[in-house]
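Peer 1: Two independent chains are provided; combine them into the complex using the hints.
For reference, the chains in residue letters:
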Amino acid sequence: MKTMHLLTLASLLSVLLGCASPRIIPMTEGAASKIKSTEAILVLSQQEIAAEINPSGVAAAGGGGLLLALVDVAVNKSRAGDAEAAIAPIKNALLDYDFAKQLRVALEEELRRLAWINLQSLRTVSSPDAKKIDDAVAASAANAVLVIRMTYSLTSDFSLVKVTAAVTGYPKTEELSAIAKRARPDANPPLLYRNDFSVMNGMGLPKSDRPTAAKAWAENNGKAARDALGKAAADLAKRIAADLESARAKAKVADSTSTATASAGR
Amino acid sequence: MRGLLSGFAACGVLLLVACATSATRPMQFVAEARKEASTAVAGNCAVYVRRVEDQRDSVEGFGSSPNLELFARHIPDWVKSAVTSLDSAKGKIVALSDGSERQDGLVVTVRIHKAYVHNMATSRTAHVVLSNQYESGGRVLGTEVYRGSDTSVIWSNSADEVEAAMNTAMNLALVAMGKDVDRYCKRLSSQN
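Residue numbers (the numbering used here), protein chains in the order written: chain A, 4 to 269; chain B, 3 to 194.
With the rest of the complex left out, here is chain B (with noise of 0.2 Å):
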């Protein structure tokens, strides 16, 4: 009887991974709480997101969950409203809608590189792969790497369930970019 019962326990399970629900709408980036404290920056820094390019090798991708493509195609938004969620230590991040160039502060060129979820067994790993160019004054100050991801339990594979994990992996992603915006904003006022 109980392996019988393991049995339903493990062909539900199989049903539920296989048949995810469709994504009817955009994500939506929800930010957390940040857990550490930015450090403190002297003197002002305005910083700037120019543009968030789209680097990946298929926009309608989004590895191997089916039937949510309308999340993969809406990406850039989802990146870029996460982005401007970042508060610095001396105020928010502005996205410049017309991609002008800015010769105060601290400007951002945000590179989306990866963006999926990879489904093994019962579970599944959300992933982000962003990259940063940060200028100031027309010259590179560096470019940075921001990874995050999170591996969780498949419950019910909802639309809505991996929207959760993508968040969660876009927000470990977010405390590595805050600590170099902040590195960056430094920088620049020590110049100054």
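For reference, chain A alone in the conformation it holds in the complex (with noise of 0.2 Å):
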């Protein structure tokens, strides 16, 4: 009995990781001077700020069970509800907001400095249907293609605000596909790169109970709000720009070596 439960979760975990590529990419090696131009897609399908909860682990905690996984579903449903009533404020006070064009002009400002990508554009999508973006990726004439999956929160304190990047880089040349298979032949697709990046903002000291803190963060038309936002979509994107920009000099430093050697034993 114990052996079948064992096959029947590795069977599981193997359906679950079976198809999942590696996390981190650093930008791939002899890739970074082939890159002739890059198309950069903002995905963000948040319309507001959300706010985190704390899941309820009832279920781990008890043991496990179908009542108690349930138990879990409907404290996190009255979580997410009372929330969302405290965020409601904040959402209020960005409702003029636009964090979608804070994060493309930061983003765009940092691209364009790093001059080996050749930035042809930058575009936003606003849907998360992972075929649209795989169709986006397809259809762009550039060598490379940048999506970068952004989500921005309140941490479930109302403490901090929360902004996370995951980035991924997609040949688009027969020339860098085949670096890209070479470097990581376990990626698929190839990749030329990937990253997560997260950066959390606070207003200073923090508040006593989280209806405090919403006020805080609304007064002013949610100025500490708008504060802490376009602070972290600069500092992102500023992250992202020295994360691309650190791997291709790895890659410039190994590139040298390899040609040093080489000549050393002419």
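Note that these hints are calculated values from the structure, not bench results.
All residues carry an ideal CB built from backbone N, CA and C; glycine is no exception.
Watch out, some of these pointers could steer you wrong.
Have a look at the derived ranges for each label pair, beta carbon to beta carbon [stated by the list, open to error]:
{"hint": "1", "chain 1": "B", "residue 1": "76", "chain 2": "A", "residue 2": "65", "range": "42 to 48 Å"}
{"hint": "2", "chain 1": "A", "residue 1": "249", "chain 2": "B", "residue 2": "162", "range": "44 to 50 Å"}
{"hint": "3", "chain 1": "A", "residue 1": "60", "chain 2": "B", "residue 2": "185", "range": "42 to 48 Å"}
{"hint": "4", "chain 1": "B", "residue 1": "75", "chain 2": "A", "residue 2": "115", "range": "32 to 38 Å"}
{"hint": "5", "chain 1": "B", "residue 1": "75", "chain 2": "A", "residue 2": "81", "range": "45 to 51 Å"}
{"hint": "6", "chain 1": "B", "residue 1": "181", "chain 2": "A", "residue 2": "57", "range": "33 to 39 Å"}
{"hint": "7", "chain 1": "A", "residue 1": "160", "chain 2": "B", "residue 2": "193", "range": "45 to 51 Å"}
{"hint": "8", "chain 1": "A", "residue 1": "121", "chain 2": "B", "residue 2": "181", "range": "54 to 60 Å"}
{"hint": "9", "chain 1": "B", "residue 1": "53", "chain 2": "A", "residue 2": "123", "range": "34 to 40 Å"}
Once the Cα atoms are required to be at most 27 Å apart in a straight line, the calculated BS3-like pairs of lysine-lysine come out as [unchecked claim]:
{"hint": "10", "chain 1": "A", "residue 1": "218", "chain 2": "B", "residue 2": "116"}
{"hint": "11", "chain 1": "B", "residue 1": "116", "chain 2": "A", "residue 2": "104"}
{"hint": "12", "chain 1": "B", "residue 1": "181", "chain 2": "A", "residue 2": "218"}
{"hint": "13", "chain 1": "A", "residue 1": "234", "chain 2": "B", "residue 2": "116"}
{"hint": "14", "chain 1": "B", "residue 1": "116", "chain 2": "A", "residue 2": "134"}
{"hint": "15", "chain 1": "A", "residue 1": "226", "chain 2": "B", "residue 2": "116"}
Peer 2: Here is the structure:
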């Protein structure tokens, strides 16, 4: 009986993990100098800031069971409802605030600084539909496509604004695809780059409770929230650009080391 | 065994959340019975919806649920049908098809700011944010913002389930809107 449980779990895990590509892929060595043009696609499906919740762990603590799993579902629903009610004043204060535009401007500014990626265009996609994003990557005429999936939220205690980005670089030429496949044969489809980023910003002193924090974020037409989000967008764009640049610098050093070794060998 | 069962239950929920069914038709608004009756308005008050302005950042985005572009694209029609379902204390609100100016009664310009769903773990919150600009005789009387939201458990993650959640959110926004319509009507009738 025990063996059967283990087999079932193992098969379930293999189904869930079987198609997973590695989470972090540094910019592939040798690819940076071959990129003649890049298109960036910013994916932001959120229309407003989200409120995080602490997920209920009754089933885990109680040793599992369908009934306790359903208790978790009910508790999570109640927490999500409370969080939505608490965040409403902040959302109302940010009604005219275009966070996608902030991200677009910050990313474009930072990516344009990286002359070697030759940024051609940056566009925003509001649908989280994976097929649509795949189609957009396939339709791109650039050498490489950088897909930047973003989320933004308030932590469950409303103390911090959190902005995350999952960045994936796709090769679009045969040459770049071959380099990506050589470097990471386990990645399917071949990827030039992948990394996750997260930036959190507070407003100084933590507030005693969620309603007090919500009031502080929302007052003066959401000034604290606007400032924190704007800063987070700028910081995140800088970190993405710095990571891409450092990967290229490492690749450059590796290239020159191998050239020097080859020259010394002659 | 219990751990295994809860694992399967969690996986089942995850699979359901991940696989939303596509919308095959635009959303249809269904009005809920109002819990609170409108306040009495003295005199006659004709209420006209001059136009519905779509001010969303994207007409295709519908939040974190994919495959619902059809809902997103037809949001203005859904909003128009919802607002005109609202009965003022003195009769139904009438939508002006030609966008013409009316000198009599209360003229409303409805603006759509947000209409989307946000999924979090096993819950979904539907959001609608509208604002109304109230005018009479060419004079702006005021602008009010209405937010309706509904948090519910994701059971099937079907398009019908999303539609029902959006309708609940809209009905909540309409409660506040109905009160304002009556308030502005009362103000107009006291001026006449």
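Peer 1: I'd like to know which numbered hints this structure contradicts. Please list them from smallest to largest.
Peer 2: Of the numbered hints, just 5 does not hold.
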